Amino acid sequence: MLKTFPKGGIHPAENKITSSKAIKRMPVPKVVYVPIAQHIGIPSEIIVDRKDKVEIGQVIAKSGGFVSSNIHSPVAGTVTKLDMIVDTSGYKKQCIVIRTDVKNESNFEVQDFPLKKEITMGQKDILKHITDSGIVGLGGATFPSHVKLDLKNDNKVDCLIINGVECEPYLTADHRLMLERADEIIVGIQILMHALHINEAVIGIENNKKDAVKALKRAGQSDKRIKVAALQVKYPQGSEKQLIKAILKREVPKGGLPMDVGVIVHNVGTIFSIYLAVQYDQPLIERVVTVTGKKIENASNFWVKIGTPIKDLVAEVGGLPEGTRKIVNGGPMMGKAIKNTDVPVTKGTSGILVISEDEASRQDPKNCIRCGHCVFVCPMGLEPHLLMNLSEKGLYERAASEDIMTCIECGSCSYVCPSHRPLLDYIRFGKSIIKKLNTAKN
Amino acid sequence: MADPIIISASPHVHSDRTSKRVMYDVLYALIPAFLVSIYVFGINALILTSVAVISCIVFEYLIQKYLLKTEIAIADGSALITGILLAFNLPSNLPIWMIIIGAFIAIGVAKLSFGGLGYNIFNPALVGRVFLLVCFPVQMTSWPIAVENYLSLDAVTGETTLGIIKEGLMYGETMTTISEKIPSVMELLLGITSGSAGEMSALALLLGGLFLIVRKVITWHIPVTILVTMAVMTGVFWLVNPELYANPLIHILSGGAILGAFYMATDLVTSPMTKKGMVIFAIGIAIITVVIRLFGAYPEGVSFAILIMNAFVPLIDKYFKPRRFGNKIKSKIM
Ligand code: SF4
Ligand code: SF4
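Top line first, the protein sequences correspond to chains A and B. Residue 33 in our numbering sits at position 33 of the first sequence, with consecutive numbering throughout. To convert, take the position in the second sequence, counting from 1, and add 1000; that gives our numbering.
Treat each hint with caution, since some may be false.
Straight-line Cα separation of at most 20 Å, SDA-like style, residue types lysine to any residue; simulated pairs [claimed, not checked]:
| # | chain 1 | residue 1 | chain 2 | residue 2 |
| --- | --- | --- | --- | --- |
| 1 | A | K7 | B | F1320 |
| 2 | B | K1318 | A | F376 |
| 3 | A | K393 | B | F1114 |
| 4 | A | K234 | A | K224 |
| 5 | A | K92 | B | I1005 |
| 6 | A | K234 | B | K1216 |
| 7 | A | K336 | B | I1006 |
| 8 | A | K366 | B | S1113 |
| 9 | B | K1318 | A | K366 |
| 10 | A | K7 | B | I1006 |
| 11 | A | K227 | A | K336 |
| 12 | A | K366 | B | L1068 |
| 13 | A | K336 | B | Y1171 |
| 14 | A | K366 | B | Y1061 |
| 15 | A | K393 | B | G1118 |
| 16 | B | K1321 | A | H11 |
| 17 | A | K366 | B | P1322 |
| 18 | B | K1216 | A | K227 |
| 19 | A | K366 | B | I1072 |
| 20 | B | K1216 | A | K336 |
| 21 | B | K1276 | A | G381 |
| 22 | A | K254 | B | R1323 |
| 23 | A | K336 | A | K7 |
| 24 | B | K1321 | A | E397 |
| 25 | B | K1020 | A | D403 |
| 26 | B | K1020 | A | G381 |
| 27 | A | K7 | B | K1275 |
| 28 | B | K1321 | A | E251 |
No wet-lab data here; the hints were simulated from the structure. All figures in this text were calculated on a predicted structure; none of them were measured in a lab.
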């Protein structure tokens, strides 16, 4: 039996249409829109001004605190505007608009970085490079990576878990990266193990990506400290807590962090960025994005500059198909629906999913028939029907005592409910109110 | 773009499980038992089931439209299923007006007065049945005898297996003599016996029950726990004194135990939501059933047992919660 997490979970249709599509390079966009709040935490501080000329990879907004991150210019060009634009959150956020200098060759030469295996840097330098390069969790959480690596001296972290699960339907960005850059990912893992003095690393990959399991096993062969764990296919295995439980059988305590059970988790994409940052001093200015949908003509995976408007991506795959009703930034389970395609790609964009008429609309909710399925599938052991009920009635304190705050918003409950009840909508709403009440109290 | 872009929160996909599909699955699962009941009881079973179903649906429609003035919910299929299950729990030669009263109690009192689908505490079909049993004990316990009554409206009636046993034991007979008067295990499995319309063939009911489990409408926890607990309890009594107590196989195969375990106790609305809770609920049903059967005045007790345990479901749900992830786990670093 393959490993997996024990409680809950679902298996939605995988629809990994693009899993055999090699990652192509998106043409350099004419204009990039770089938001300054691309990560969880404090927004970065803009350090350029209108009309400034910027080089590719130059810092244009610097980290605004410890839980924050640098942002670099994805292109060489001129800052045309500091503007407010709607980003993937649906809110207007500050953003640096840069016009690409079409005459500057550095924009167009594709840098080919040959595999570099030896790690020459010391621990401090490695961490500094990761911090300076603006690396954040690329799995979607966008948590600044250096924060996770800032271990106190008395830490007991003994295992590094690499998240190559990609349990979201449709998305194949991590899958392709693992296939095409297996060697680099292994070196990235070794860099982190070296910097953090960890002697065990496990790469978790769901078994619907057998080729990726093979590729990484081959690449990591010579390093006995690195193991590859093929996992049963089950959503939401990519969630840190579920992944740690699946691989190590350790359970992160309520309200705790992976570090509390001696584990650090990084996504494969993040590891690849760390490799580039440490071995080649490359900041995070591009990432792999899956552009997909059942009716999309040339769905594929792309290397995309941060700040590229999503409409450029959509044009690249053949345009929005007839009857498009929803555009999602991310996967179908946890992604955010966006209003239009002017929104730019950010560090957290793992995919663009275009959904058409037949799948886009929700059905009207009916009475709860107490079938218990939401309870069965909740990976956190919650009772979604009860939490929805409590938030609906405004009984927030009871909702809190029923552990509403531990909900990881995976959406499994809403996915299975035969009565189409918007369980997660109400749970999110309840959580946000409780958060506000708590800050008001403090 | 002609159509507006929809902005809604995740998840953006839904499984193909809908309440309609759940209801249809229950319907399909009941087909084998329905066919057996028609084979065994002939035209009477057909009349009984049609009357029960039609009156349940009509009552739901009328009450929702004229009394409650709410949305008409007959399309969700739940009244239809209540009708079939009610019919399955009645003797096939029950007068039509009694069936209609049963349907009214099931839909009007047990379901809609609690707030409709999802809010009722007691299994509607069973409330209907028990109401009739209490009001019309004679008609409710005169069971037509199998096959002999094919196509005839006036049925020859007889006793159920458990009824024969109870009576026999009351008059001081031993199980050895009684066992000659009751159907064989094979007959119980196939359904050549007497009893409520739908509780006839254990095999047909098991087939449908299995389908429900495969389709994930129900889980194994409730039916298996009920049947195993009943077998263990009646088995102990039987081993102690086989002349005074019927063997576990007879108990499981007769008196609606299987109908109750797979179709009545598992009613989604009136059973617990967690697997732990389901097991507790099922053990409770089995114990009460066996106690009624062995020591109570009625020969059979599944319906009462389920209704009694229905009342405990809110409590069970409150105390048997799923184990929260990460609860009471000490962190490695303090
Ligand atoms: S309650 Fe939260 S954690 Fe549980 S299934 Fe629903 S979204 Fe996922
Ligand atoms: S899945 Fe839906 S219908 Fe079933 S118990 Fe949960 S909320 Fe109720």
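Hints versus structure:
Between K7/A and F1320/B the alpha-carbon distance is near 16 Å, which keeps this suggested pair within the 20 Å criterion. Restraint check: the Cα-Cα separation between K1318/B and F376/A comes to about 16 Å, which is no more than 20 Å; the hinted pair holds. Restraint check for K393/A and F1114/B: satisfied, since their Cα atoms lie roughly 19 Å apart, inside the 20 Å limit. A hinted pair counts as satisfied when its Cα atoms are at most 20 Å apart, and K234/A with K224/A does not qualify at roughly 28 Å.
Between K92/A and I1005/B the alpha-carbon distance is near 18 Å, which keeps this suggested pair within the 20 Å criterion. Proposed proximity of K234/A and K1216/B is supported: the alpha carbons are some 17 Å apart, at most 20 Å. Taking the CA atoms of K336/A and I1006/B, the gap is near 11 Å; set against the 20 Å cutoff, the hint holds. Only pairs whose Cα atoms come within 20 Å are accepted, and K366/A paired with S1113/B is accepted, the gap being roughly 18 Å.
The suggested pairing of K1318/B with K366/A is violated, with an alpha-carbon distance near 23 Å, which exceeds 20 Å. Taking the CA atoms of K7/A and I1006/B, the gap is about 33 Å. The hint is violated against a cut of 20 Å. With a C-alpha separation of about 33 Å, the suggested pair K227/A and K336/A falls outside the 20 Å cut-off, and the hint is violated. Between K366/A and L1068/B the CA atoms are separated by roughly 17 Å; this keeps the pair inside 20 Å, and the hint holds.
Straight-line distance between C-alpha atoms of K336/A and Y1171/B comes to about 74 Å, which puts the hinted pair past the 20 Å bound. A hinted pair counts as satisfied when its Cα atoms are at most 20 Å apart, and K366/A with Y1061/B qualifies at roughly 17 Å. Only pairs whose Cα atoms come within 20 Å are accepted, and K393/A paired with G1118/B is accepted, the gap being roughly 17 Å. The hinted pair formed by K1321/B and H11/A fails the criterion: a straight-line CA distance of about 24 Å is larger than 20 Å.
A C-alpha spacing of about 24 Å is found between K366/A and P1322/B, which places the hinted pair above 20 Å, so the restraint is violated. Note on K1216/B and K227/A: the hinted pairing is violated, with a Cα-Cα distance of about 36 Å set against a maximum of 20 Å. Our distance criterion of 20 Å between C-alpha atoms is met by K366/A and I1072/B, whose separation comes to about 12 Å. With a C-alpha separation of about 30 Å, the suggested pairing of K1216/B with K336/A is violated against the 20 Å cut-off.
In summary, the hint linking K1276/B to G381/A is supported, as the alpha carbons are separated by about 13 Å, within the 20 Å threshold. Between K254/A and R1323/B the CA atoms are separated by roughly 12 Å; this keeps the pair inside 20 Å, and the hint holds. Between K336/A and K7/A the CA atoms are separated by roughly 26 Å; this puts the pair beyond 20 Å, and the hint is violated. A C-alpha spacing of about 18 Å is found between K1321/B and E397/A, which places the hinted pair at or below 20 Å, so the restraint holds.
Between the alpha carbons of K1020/B and D403/A the distance comes to roughly 31 Å, so the proposed pair goes past 20 Å and is violated. For the suggested pair K1020/B and G381/A, the alpha carbons sit about 27 Å apart, so the restraint of at most 20 Å is broken. A hinted pair counts as satisfied when its Cα atoms are at most 20 Å apart, and K7/A with K1275/B qualifies at roughly 12 Å. Between K1321/B and E251/A the alpha-carbon distance is near 19 Å, which keeps this suggested pair within the 20 Å criterion.
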